[in-house]
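Asker: Chain by chain, the residues run as shown.
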Amino acid sequence: MLEVKDLHVTVEEKEILKGVNLKVEPGKLVVVMGPNAGGKSTLAYAIMGREGYEVTKGDILFNGESILELGPDERSRLGIFLSVQEPPPLPGVKGSLLVPAVIKKRRGIPMDDKFADIKILREVRPKLELVGLDSSYMGREVNVGFSGGEKKRFELFQALAYDPKIVILDEPDSGLDVDGVKMVARVIDDMRKNGKGVLLITHNPRLLHFITPDEVNVLIDGKIVMTGGLDVAEFVETHGYDKVVTR
Amino acid sequence: MSIEKPEELVRYREPEELLGFAKDYPAEVELKGRITESLIREISKVKKEPEWMTRLRLKSLELFYKLPMPNWLQGIEMLDLDTMAHYVKPDIELSSSWDDIPKEVREYYEKIGIPELEAKVLHGLSAQYESETIYHKMKKSLEDKGVVMIPMEEAVQKYPDIVKRYFLRIFPPSDHKFAALHGALWSGGVFVYVPKGVRVEAPIEAFFLIGRAFESQFEHTLLIADENSYIYFIEGCTAPMYKGFSFHDGMVELYAHRGAHIRFTTFQNWSKHVINFNNKRAIAEENARVDWVEGSIGSMLTYVYPSTVLRGKGSSSRSVVFTLAKGPYLKDSGSKMFHVAPNTKSRIVNKSISVDGGINVYRGVIRIPYGARNAVSNVECESLILDDKSYAYTYPHNQIEEPTASVSHEATTMRLTEDQIFYLLSRGLDEDDAKNLLIMGFLDELFIEVPFEVAHVLKKVLEIEFEKLGGVG
Ligand SMILES: Nc1ncnc2c1ncn2[C@@H]1O[C@H](COP(=O)(O)OP(=O)(O)OP(=O)(O)O)[C@@H](O)[C@H]1O
Ligand SMILES: [Mg+2]
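Chains as they are written, first to last, in the working numbering: chain Y, 14 to 260; chain C, 4 to 476.
Next up, chain C with everything else stripped away, as it sits in the complex (with noise of 0.2 Å):
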């Protein structure tokens, strides 16, 4: 796949900008209040489930009242849920087709240039509004060679057997009081499944929108690479601004059979009106390889913990995270590598920029229990600071058991000094040029890392964050 003019498909402005302020889209269904068991049966009865994703569901929210509230997470005491929407079905029909899209709603995708990045470079796309896909469309080579990529509600009734052996069973309810919530409430997403040696080399997308306040949303995105295949999906998200804030408890499971390879690259952009909370974990079996990009942008309140467990034989797993807190908001992230066999290899690379009162927090997990024989991990946690109001912290835990293993951590927090931006000034280049070239240079090897299209993007919005920015640090 190749884009020629990458930058005709950004045309990136915060979101708040870009989208403007939320317009009032009338809903179907709507339910709100407190997460009862009624609740739970009214959402199961809309979306027509079958009994076993009820009693999930139940078994769910049972779990979400018992498990006690992360101790290790601030700013999430704001969240009142009993006062929020926990399902919302616009009044769209799901379409293939952009034309059946009310306007309204497929201003904002065309906003970002969604429809565009489709014709241009993607094989397919599934878009999401509120509660439940609106848009789905995969091309037909894909389709030919037995892909299959449908929304997750679809998949629940054509392919229960696949969908009962990994939903939830990736990334367990009981994990946390989130995971939890998230398997009782979960509605939208995306299931993927591609067969046994077949590449999907273009991208796939999902993209997912939250069009008011006081509002969560709940997607869950299942991929099941088969033995040898290969896929590179990217998830993508944003919301317009409301008064008050939304609450987004997604999920994602990635499975890797023997041999797969999974590039699955997320790019958040909330609103800063959305506390955001992600759930994701891959398996990866023998000689899988998972590679997880998440560039976190936006939001008020961000926690996201890429997570892989390696558990086939020289199986492999790298995640770079990046991570911008801009303004009084929080970032909290951090990869996990569980090495639970010979010869597993993951790396890790966290980039933080924190400015304008901003705090980002890492916390990172490596795990090799006795007999991960010979796995290898490497970190590297890098903080940049920009002013004295804002902050970085690190929180690395690995729990090493393995004595043949080899692990390496690299923890350095930066500031940029007087002495560099004097330096850049007095070549000619103003505060903003300089700071950019600072910026850039600090995530070069970012860059390096993630897809072209990736950084591309990465950076056209580094670049219009940061014209605005102020005086030196």
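Chain Y extracted, bound-state conformation (with noise of 0.2 Å):
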């Protein structure tokens, strides 16, 4: 279980998190809503552990223990997983060579085990084909010359390949056509049955109309101000956000 605790977070010498609480539940899908710059990404950064991302005040637990000490990558493989909200394009490095040295290292099988490499391709193959990507992207270079799309949905089959404990869809949505957003509410719902705690990040509430979140926070200028179920989300998206902070 992945708790955050009154958390500040200082980003350039600015304060941007400003004492944010959260849980996020094995089987549950909690939602952070909020306008542009609210610091949703912040919030995502911070949990995994980047650098120049200052906690100043606040702690944030994994298991009931403080993970604040750790690495990006020793938080990772613990089980925390973060799907960015822009992935940088990798030249040179083709998904057949990244997603099996990623799960090499996370399971601990030396990375010049060649051989490992076969058995992982072809282990991961159904969960491209559960994102709507064909295996012929594997051997591709890693987001470079991947359309929108594209990406959001390598990022999620990533997710899914590296089986992780709580997993952080930073905007998994944007640029997804109308069949793909569908098949992003599937995967989530999926991941929930099978024990993952979600903490999803939108600005957009479109994504909710397909699947139903156990808790729906709104994000603004680095203070969730609001907090319930599918009713917050209906008010965001009939009233807008301005109106969140007067109600």
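Heads up, some of the hints might be wrong.
Straight line, CA to CA, 20 Å or less: simulated EDC-like cross-link-like pairs of lysine to aspartate or glutamate [as the list claims (entries may be wrong)]:
id, chain 1, residue 1, chain 2, residue 2
1, Y, 107, C, 448
2, Y, 206, Y, 228
3, Y, 107, C, 434
4, C, 114, C, 19
5, C, 463, Y, 130
6, Y, 127, C, 20
Simulated from the structure, these hints should not be mistaken for lab results.
Combine the two chains into a complex, taking the hints into account.
Answerer: Here it is, written out as structure tokens:
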């Protein structure tokens, strides 16, 4: 279980998060919505431990223990996965190189065990189909020349392939067509059924037409100003974020 | 040829680590100090050379003193030739059995796995220590096909007419000061002749070692592939650690006759105590093909420019050069292609990595004069810079006069970004894995261009080089 307690985060000497509280339990879908620049991605990076995102107050716990001292890779290997909002291109690094390398690392298989690669690639193929990509994508350089939608699909594929316990999805639906959005909803639902905790970040309530969250939070200016169920999302959709603050 | 488990053949460490400090091995003859006519005559006398070779040396010496210091060379000022040993004949008899090689010296080669490589893969091996070849052996099967592979000195004695036709003619000493110096002082190296239609599939290797400081090595490799023949030649070099530095000024001359194909691969891993100057040039006749591969990892300073003169119609050449400048060292490289006949093709791939204050300089040349109709050339030049202390410069030089020629040039400079590193960390890879992956990705195309075994060795070397890499750039 992931727990964020009174989290204050400063980036470049500017306080972005000003006391955020959140809990993501296994098998639950927790949504964080909010306007642009509200601090959603900052929250995701802080949970992951990205350099430059300084926690000045509060704590982040995984299964009851603070992870503040751990680096991003250690947090990842504990079982926290972040699908980033804007995946960077990795020139020359093909999916067929990246994915086996990551899985070997996570399972403690030596990096130079090339036979493991073949097994791993076979193993993950069905997951690629789940996100609507064919196996040719594994032969492409990761995020190089991918369309916006393809990038999101490949991120989601990795969330499935690496088998984390907590999945943080930073706007997995942006840039996707209607069928794509439905696919994301289906995949999230499967994750939840498989006992994973999902933290879904979006500023677009459209995705929530296809999946019912367990909790919806609105993050504005570094603070969670509203918490509830689907009704919160519906309120935002009808009235916009402006009204949330004054409600 | 195939290597079942190439990793067995590669026990790569940095040369400093692998070979440790130099152990002094006695020299039988050592000539040092100012490079004068009498010093040249002395070398010639020790080698019992015919008069024409002595004259060729002296002519080169004259050119050396006449030619200006190339103004584009950086860093070479520290070289004080008057204090160096220019000829060091170790007290070791040339042999075709490793058992005859003194233990101290043999150990160097064993640590790099050379005898093992020879046993498993090579069809011929020539090993040079200081100024002379100490070990030389070629498989009987090649001898039966009429292939000649002998130390260069032996070729001067045995085949003077052939040597006169090619030696210092593919790469004339008048080209520049260090080519002239080489011509005056050359010693060691290999002569190879592949008869018409003969294919030497398994590689032949020449390996060069400089055992001590303040010494120069000037080996000369001459390789002649007669019509429609094929040869795959590998050249390797390394050195232990010493106080001070040494100088390497070798030369490679390749001649591919009509329809012949030469693959020439160099794997340079000098210790950080070697100033490395190379002179490499090939001539390709009608429909011949020359493929250069250069993996330049070690040394303090390296200057290397594999060049091909595409003299015959339909001839082609490819040059793949990889340079790593890690630490406060310089790699100055660049392939040169001279298209002087119609329908000639060339391709240059140059990849460099600069890290820990390293500097890479690329100076490629494409020359297509009038009349080289339909010549095609494409150049890809990519630099990867891993931190703010390191640099890469690209100075391509194209002289295209022929209107039907087609030339493309792509140059890109990349840096590893924090975004990329964080992305990979967030997947669970640690920082070294992440960098390795991005570096291997950068080099991916290179690995496709070079022979499998070379790619494997290169990968291993780089993995070890980057294992110790510090913080994110
Ligand atoms: N590295 C940084 N340097 C400077 N400012 C930053 C940095 N990272 C985030 N910020 C600032 O923090 C604020 C919150 O940004 P964040 O990316 O968390 O917003 P968001 O809620 O994810 O917005 P969006 O919906 O547009 O993705 C913004 O004002 C942003 O400019
Ligand atoms: Mg964001």
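Asker: Each hint needs a verdict: does it hold in this structure or not?
Answerer: Here is how each hint holds up against the structure:
1. 107(Y) with 448(C): holds, 12 Å
2. 206(Y) with 228(Y): holds, 16 Å
3. 107(Y) with 434(C): holds, 18 Å
4. 114(C) with 19(C): holds, 12 Å
5. 463(C) with 130(Y): holds, 18 Å
6. 127(Y) with 20(C): It is violated: about 27 Å lies between the C-alpha atoms, which goes past 20 Å.
Consistency note: the structure conflicts with earlier hint 6 alone.
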